[in-house]
Amino acid sequence: MTENSERRVVSVIVINEASVLSRITNLFSGRGYNITSLTVAPIPDTKYSRLTIVTAGSVRVIEQITKQLHKLIPVLRVYEHADIVEKEMALVKFPITENITDIDTLCQAYNGKIVNVGESVIIAMVADEPKRVENFLKAIKRYNPKEIVRSGAVALER
Amino acid sequence: MQMSGAQMVIEALIAEGVDTVFGYPGGAIMNVYDEIYKQNGFQHILNRHEQASIHAAEGYAKASGKVGVAMITSGPGFTNAVTGLADAYMDSVPLVVISGQVPMSLIGTDGFQEIDAIGISRPCTKHNYLVTDANDLPRILKEAFYIASSGRPGPVHVDIPKDVTAQIAEFSYDFKVELETYKPHVKGNPRQIKKAMDAIAKASRPLFYLGGGIINANAGEEVRELVHKTGIPAVETFMARGVLDSKDELLVGMLGMHGSYASNMAMSETDLVIGLGVRFDDRVTGKLSEFAKNADVIHVDIDPASISKLVNADYPIVGDVKVVTQEMLHCLDGIDAANYEPWRDTINNFNDLHPLTFHEDSERLKPQWVIKRVGELLGDDANISTDVGQHQMWAAQFYPFSRSRQFISSGGLGTMGFGFPAAIGVKAASPDKVSINFTGDGSILMNVQELMTAVEKKIPVVNIILNNNFLGMVRQWQTLFYDKRHSETDLSVQPDFVKLSEAFGGIGYRVKTKEEFDAALKDAVEKNVVAFIEVIVERFENVMPMVPAGGSLFNMMLLEKKETK
Chain A
1 MTENSERRVV SVIVINEASV LSRITNLFSG RGYNITSLTV APIPDTKYSR
51 LTIVTAGSVR VIEQITKQLH KLIPVLRVYE HADIVEKEMA LVKFPITENI
101 TDIDTLCQAY NGKIVNVGES VIIAMVADEP KRVENFLKAI KRYNPKEIVR
151 SGAVALER
Chain B
159 MQMSGAQMVI EALIAEGVDT VFGYPGGAIM NVYDEIYKQN GFQHILNRHE
209 QASIHAAEGY AKASGKVGVA MITSGPGFTN AVTGLADAYM DSVPLVVISG
259 QVPMSLIGTD GFQEIDAIGI SRPCTKHNYL VTDANDLPRI LKEAFYIASS
309 GRPGPVHVDI PKDVTAQIAE FSYDFKVELE TYKPHVKGNP RQIKKAMDAI
359 AKASRPLFYL GGGIINANAG EEVRELVHKT GIPAVETFMA RGVLDSKDEL
409 LVGMLGMHGS YASNMAMSET DLVIGLGVRF DDRVTGKLSE FAKNADVIHV
459 DIDPASISKL VNADYPIVGD VKVVTQEMLH CLDGIDAANY EPWRDTINNF
509 NDLHPLTFHE DSERLKPQWV IKRVGELLGD DANISTDVGQ HQMWAAQFYP
559 FSRSRQFISS GGLGTMGFGF PAAIGVKAAS PDKVSINFTG DGSILMNVQE
609 LMTAVEKKIP VVNIILNNNF LGMVRQWQTL FYDKRHSETD LSVQPDFVKL
659 SEAFGGIGYR VKTKEEFDAA LKDAVEKNVV AFIEVIVERF ENVMPMVPAG
709 GSLFNMMLLE KKETK
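Just so you know, the protein sequences line up as chains A and B, in that order.
If you're matching positions, the first sequence starts at 1 in the working numbering and goes up one per residue.
If you're matching positions, the second sequence starts at 159 in the working numbering and goes up one per residue.
If we strip away everything but chain B, and leave its shape as in the complex, we get (with noise of 0.2 Å):
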């Protein structure tokens, strides 16, 4: 069928069965947008500024494990956006962002807008197009959501000049992708797989070390049945949370610079380590000579560049996490529960010695109190995004996360900005659970101007602003590895937040105590419309434990011990 670029771009959308787009519109993508106004096959969800449309989509495709969707302008349309997509390649996010361009003859003459948009997004995409030929598009776009959902995820951009998107040309979708070049190993070698599960027979004290890869595989519940059938305890990174259900004997917690103290110590003391789509981030390993110094390494990945990058698997298995899991459920013979019995009281051991706690001991609210509050009024009912700092990590030790998908904030870049945009992308993928967005009075002014788009498509993002007055985490690493020389960290000028969310039209609070919160939670929850409710906490919590950066697993920072009342 004849047709223009534009009106491919609609076509290809429905067929990938996309119901939702974020985007901008702009000079360059006007002929697309045209077409939008035109169909009735998706919605179309106006963010306030391009990197927040990234996130949006990002947020969607965390919380569906689906191909987010943004449409931007080129020029300033799309720098706005690089740091979504850098946000999206770092965390493995599958994306396909569209983006409009100068029209060809234009190109390489400093145009109204231009900008050499794949040379930017090169190094922070999986794979970029610029599309010069209509007649190219409709297996450049089948390409794309091929490339962003298949392997190891991640952002593809597709920059179409605006001659292009007003081209007429053949459309047909009906066509199988092949790449030649690109084939991702899924199945891992059974020999390796026999392998490992004979050395986890062996071992004395294994851990499961469980990674983001295994949401991105949608592997939940084979790594459920895999941990309970071995009965080996696990440790989840940041990236992992609500893999294994909180109140999971077997999760002994979060491990890494804010891990738990029994996570590191039994990442420290295990002799076999069983890695799970992770990636050894640094926030995880702390000094990479010391980090589970004594053991030996499973390591699946789908990724073969994760593998022994920067430490060395004795068992590596590239592989799709689910479909290597399923494997090794079929290897279980010699491997007893029974036997890990000693190993999993040390661990008990370690928790009751510290365990990952926090004073009540101030005027104020402490921060912590308020992340655990929330799990207990709304739990499972509610998915969870946060922005970047102490209330991010605060809200990884202290929810109790219950699924995969549950929790949504940028790990690998660590990006302020991102909470309140991926809520909006997280409640259009998930409308039955409350939105909650878990943010600090930092983070939030960076993508304030969401409100609006939250008001204007009545998307219910309920923001929790856990105010200190303070930049808190370079705060904290002021107060710790600085002397206390707090530069630039004081927040103490501030908006009216309450009246700022009113004046988009949403609703407010400020909160100071306990039963005030509570009542501000469930009017805001109940009320179903976008709320600020800013919390009111102590100054100076620090989050705790602490590795400090560049240190030993087993060498944490730990909260000061206090007499229980």
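Looking at chain A on its own, in the form it has when it is part of the complex (with noise of 0.2 Å):
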């Protein structure tokens, strides 16, 4: 593909019911689309459960990615947003031996705080765009993290 690769979000909306999000990964999988990132959780109080994928490729094959998600069967709804608030969670493991103040610090910058102590490590979490999570995963590079989980984003459109 010659066409401009692009990073997307895209919602979807399925019914909560055994190898479902097979489907959707193996539909990726299948035609060689990447997914940067993907969350599930259920959504309170119904049969549904909200994906939010991210993945990256030209506008058409985002059309193709968006109409092949909603040719499946137990797919409600897909969103191809544009206009969205976006975060992620990020969680990150320090030495006990690292500056404290400063991780606290770094971490309020970017939506965050300390969030356990315990006998040999630090633990931080920050909640943010995932632009600036990783800006934060940059900064937070000379306290020697042991270990970082991302969540991947979650997004609701405006």
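Please keep in mind that the hints were generated in silico from the structure rather than gathered at the bench.
Even for Gly, the Cβ is constructed at its ideal location relative to N, Cα and C.
Be aware that one or more of the hints could be misleading.
What the hints assert, rightly or not - Reference excerpt, derived from the structure (chain A facing chain B, CB under 8 Å, subset only):
(1) 15
(2) 19
(3) 20
(4) 22
(5) 23
(6) 26
(7) 67
(8) 68
(9) 74
(10) 75
As the list claims (entries may be wrong) - With a straight-line Cα cutoff of 20 Å, these simulated PhoX-like cross-link-like pairs (lysine-lysine) come out:
(11) 341(B) to 71(A)
(12) 113(A) to 87(A)
(13) 141(A) to 113(A)
(14) 67(A) to 467(B)
Claimed, not checked - Pairwise CB distance ranges, derived in the manner of DEER restraints:
(15) 494(B) to 25(A): 48 to 56 Å
(16) 17(A) to 195(B): 31 to 39 Å
(17) 31(A) to 643(B): 32 to 40 Å
Two chains, each in its own frame: build the complex with the hints.
This is the structure:
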């Protein structure tokens, strides 16, 4: 594909049933589309779940992804987002020997805080736009993070 | 009413109006077969391989327009069936395939004949189910039939563990399928249809591009009417053969890789493509950037994902082709068939320049002659199945099709071994027509065991084996594109096809001349039993014209011109 590949966020509302997630991921792998991140959780008080998929592709590829997703029987709705609020969470584990005040200040700048301090580790949490989470992860590199977990993005249309 | 899961399967099939089930029993599906033994609501045809059961169900579905049903066991029974599922998925054939599975307690333990069947069938079915409770079975079976036959049709696979077929639960089939998440869009947007019709009125060189979706939608009659009322010429895809009568003056021919010169040139010169139930397959379009380069595109299809997938549609219309065509017939104002007279002349000139033909210049019979001859002798009285390869293309090119559902072939997947079992299904669905299977010496061996099925059930399929002792289509590519290195395509070592058929209880003929062929075909049709007619044909005949893979439609290799005698 010579067309421009763009980052896109797609939300999918699906019936909560066995193997629905593999239907979705199979569709991506079978057609050579990429999943950058994927989050799933049930929608309260319904029989549905909401998936937020971050993917990349040209306008045509994204249009195909949307249509093919919609074609799956348990899929209720597919939103290809343009104007959204998007958040992602990250958890980071630091050695207890690192400067806890510095880390705490950094966390606060990225909408986060220290959530656990144990005998040997500090665990910090941030929740922010994916781009900003990335920046945070760059900024904390010098505090020797031992483990990093990112949640993948969730998004809502404005 | 209380009954076992296995009984539910029987009751549901009968309630769906199923009269024929194709299948093969085995351990995990035995409870259901026990109930098949006890019932007389439908006939069961025992194929000799699960792949053949699916192809037979496909043949049945393609010929009848109803949902084809096949039943198989777990593990190898299921994996044997996968090719058939994939074939049905590619060609949008409505099927319900029921497989046995190991008991729930054994699932995930690598039990005997266990395989993750729904994991495997997921990418080659429209939808699939693993039934974990017999209470869900009535709903699932009803949904399966509904999903298979509605919207863009396709195969639905239902996997039932053995203990679920034994489980007793309440059965009721008197309810409506309600799927919030699945609502096929049947009616086209009227404003969009009007816009498309205005575009047709303004076009000077419009062209109908007719696809297999028309047959699935049973829209043949409406499409014929639309073509005739507008006077716009039409090309058919391989899958749409028979939508227009081969004698129809507005039918230019088949387009694509082995389409006629006139069809491919018309598609290259048109200023408005009117695509009905098509999907712009690569075998049709050739090089995409050169396809109908100067044309706007109207695209009618029930599958939104088919629209603008490969070729951008200027007038996208999502809807059932039958319903949309009916609507189009109400918007014919401003369309005057006389306006397209010069365009029709242009196309006729293309046709005069390079008509679809072949040369009878060899000692051996030409395979194309055989196809044409069957057309002359049987014409509308036969349903035509094919296997895959050169014979398949010649059948599509030279048989005089006259109606929808007359031509049954494996288009999208191109499955060798499809033809014979499919022809069995076709005959079961349409017993009044002669069931002819054109096949090759390569393809026929891929499901040759179906001789036994056809003999046992007295299903008189006439297999016409065009024998060139080659895997012909691959040989053709090797000749043309691999400098004649005929790697592993020489099939000189062969069984005695006459004796082979006789060994199973069928009849066989080996013919080398036109007279012998006529006599054999007449005899086989009269005897009304399973037959092999092996026709020794010219070995090095190529399917022409040909658009080399990835080439533009207007750059065809053409049949060499010969002085007419």
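Hints the structure fails to honour: Number 3 - this is the single hint that the structure violates.
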